[in-house]
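Chemist: Protein sequences appear in the order of chains A and B. For the first sequence, our numbering gives the first residue as 19, with consecutive numbering after it. For the second sequence, our numbering gives the first residue as 19, with consecutive numbering after it.
Hints in this document: simulated from the structure, not taken from any laboratory. Mixed in with the good hints, there may be bad ones.
Each pair may be met inside one copy or between any two copies, as identical chains are not told apart.
What the hints assert, rightly or not - Distance condition first, Cα-Cα at most 30 Å in a straight line; then the derived DSS-like pairs of lysine-lysine:
| hint | residue 1 | residue 2 |
| --- | --- | --- |
| 1 | Lys137 | Lys272 |
| 2 | Lys365 | Lys137 |
| 3 | Lys365 | Lys272 |
There are 2 protein chains.
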Amino acid sequence: MHATPGVAHILITGSELVTGRVSDVNGPFLAGRLSEMGIPVAGITVVGDDRERLTLAIGTLFRAATLVVMSGGLGPTGDDLTRPVLAAALGVPLVAGPERDGRPPYPLPQGGEPIANPKGSAPGIWFAQGGRALAALPGVPWELRAMWPEVARRAAPLFGGATRHRALLRTVGLTEREVERRVRAALERHDLAAVEVGVSAKPLAVDVHLAAASPDTLALAAAAARGALGDHVFTETDAPLAQVVGDALRRAGKRVATAESCTGGALSAAFTAIAGASDYVDRGVVSYSNAAKVEALGVPEALIATHGAVSEPVARAMAEGLLARSHADIAVAVTGIAGPTGGTGQKPVGTVVMALTAADGTFCRTFHHMGDRPRVIQRSVTRALDLVRRHLLGGVAGLERDFPPG
Amino acid sequence: MHATPGVAHILITGSELVTGRVSDVNGPFLAGRLSEMGIPVAGITVVGDDRERLTLAIGTLFRAATLVVMSGGLGPTGDDLTRPVLAAALGVPLVAGPERDGRPPYPLPQGGEPIANPKGSAPGIWFAQGGRALAALPGVPWELRAMWPEVARRAAPLFGGATRHRALLRTVGLTEREVERRVRAALERHDLAAVEVGVSAKPLAVDVHLAAASPDTLALAAAAARGALGDHVFTETDAPLAQVVGDALRRAGKRVATAESCTGGALSAAFTAIAGASDYVDRGVVSYSNAAKVEALGVPEALIATHGAVSEPVARAMAEGLLARSHADIAVAVTGIAGPTGGTGQKPVGTVVMALTAADGTFCRTFHHMGDRPRVIQRSVTRALDLVRRHLLGGVAGLERDFPPG
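Only chain A is shown next, with the shape it has when bound in the complex (with noise of 0.2 Å):
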């Protein structure tokens, strides 16, 4: 670790994390919220419930970043070390921090502060020292992000203004590698190879970071990458893809209905996420069984016995049998096999077929997702979410454009 002025390190504590039993999500959260303030992050370091470990970690990180955003360790449980390594780690003794009604005070760093907990029992502290700062927070996810914006009114001071705009174009249906060519070479053509391009990736999901030194450059290097993703930029804003084809929806007026086999309600799910779904989400159907798609969807037992339950035909008839049995304007059908069995020469893992129908005729496709079984699962249903969003923009007549057959 070197110092670095102007940067923020975060660091997460917690024995469960580096056993890996749970995953860290605060980790994720302080980034993208740090990230946003235009405020760089060097990293984050996550490390046990270690004495010597974490003193070493804080004190080393405080002296080498201008901000420490620390989450766990505050909470109830025997193993929490943070407040008295925290004071060893800066230098200062222990002492009791404000009455608190009736019940003991929290113990503090001395010379720091706490930070309101609205959603918890275990306050925050905050501790500045010489233009640095440390902010240290609950494990507990809600908890500190109840906490954050505190944190953040406290830590804007510390970094002056931001000098990078930043701009954000959330893509579907390309692959990384694609996404990136395209926008890299958009911008060299626009001479704008300057503008620094990040990609990440979720399967089938992809977001372009674009950030420029100026505000002019950045709307020229959006309005260029804009351009080479066409209708595969499916936001410009954080929402996820569930959330802008729900408010597409609901902007239309339209409900929507899902029979799922292979996504097993993951498609449903992935819908009813989003506060306020049931403006625009009539019902799902789980078909995972044959006779469950005869019942529920009335799709003709000789279908399956004919062309398998995984075929066009047969996802034809989870959707229009859907269709015809709710009260929804659009009906999405997903039947494939997600693997790790099931396979076969014709039907490899990873076949999925979908089927849309609507008032305007229905679409079917043949898809093959790679990866394992929650990938194919999670891909699916991003390609379904998909087909709706393009669904809305331009009818079955527009999904037949799109995803020509073969």
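Once you have looked at the hints, place chain B on chain A.
Modeler: What follows is chain B alone, placed relative to chain A:
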């Protein structure tokens, strides 16, 4: 970072990880595997694709730990720096790696060996020197996972025998604080206070990690913890709750169906995320609208009008209606208020009613879950899985005993 022989450090690279756009999954995976091998993980460090910081981090960690496992920066996109940075940090030149059929060889730090990548194109790098080693792996999670066995095989000899014996007990239905209180009290009663206890929590699912110096002490400690936690312990393996419940369904020869309102498909998705779920999942209905509850599950409209959609009579009718309309032996229904809106004085956000129906009757209970929308959904899914687990242990009468009303 201080020199600690006998420990591993994990180094994750990727700019998208320090801007919070993507959460690292490789660090927890690697930490879990190393911990299972008895290799203590000193920390997980995440840094951006910044040449200077990466060089410094690699150099520092390679001197401080017996093993450094890196992820990221070996792939095809332009911001991958790992190969040249690795050579510079290790103080050796970059040389051409082994020939690849026709294509240009990947470069390697001199003295390094490629690690085969069965799931992708870019091989990893193994670099050993003076009893220490560094393994560089791609950032793509499934490639990294496929390459892990080779890294483990090479790493084991560096660490001699592990000296801690470890056990895991996974529980459901108790708070983190209550689990820890019970386990510590039991260990003290049995003069086992020297046994290391770690507790890590997901909503409603708490893992207890025990570590002791001898297998005998560990066995005594595990027995004491087991006694203190009773049938809240759902497994002593790594299996997630959905898999344990699925295995129990398969053993019992029973099939399950789900009727979901507020969880919106997440319960069904949890069941079907497990490979082989088609053995015991019959179907699911996401009855998000009231019309869907009436039409797809046969809930009487008058029941919804009288009691509201979130009520015990409606939850019972959802479960019983689905059981009658499916080939399942057990039907579970969930209806509730996930928030952030829709709460009332009588039924605040987090009110979730669950019903389970089977041949021996129907169990129904109202639960109150804390937290935001994703958390209420996740807790409801966990609780519903646990209801099925407990039903298989003791039937509906057992559920009535385990969850008395009020």
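Chemist: Should Lys365 paired with Lys272 be assigned to within, between, both, or neither, using CA atoms and 30 Å as the limit?
Modeler: between (34 Å within a copy, 29 Å between copies)
Chemist: Is it within a copy, between copies, both, or neither that the alpha carbon of Lys137 lies no farther than 30 Å from that of Lys272?
Modeler: Classified as neither: same-chain Cα gap 37 Å, cross-chain 42 Å, threshold 30 Å.
Chemist: One pair to classify: Lys365 and Lys137, alpha carbons no more than 30 Å apart. Within, between, both, or neither?
Modeler: between (50 Å within a copy, 20 Å between copies)
Violation of the numbered hints given earlier is confined to hint 1; every other hint is satisfied by the structure.
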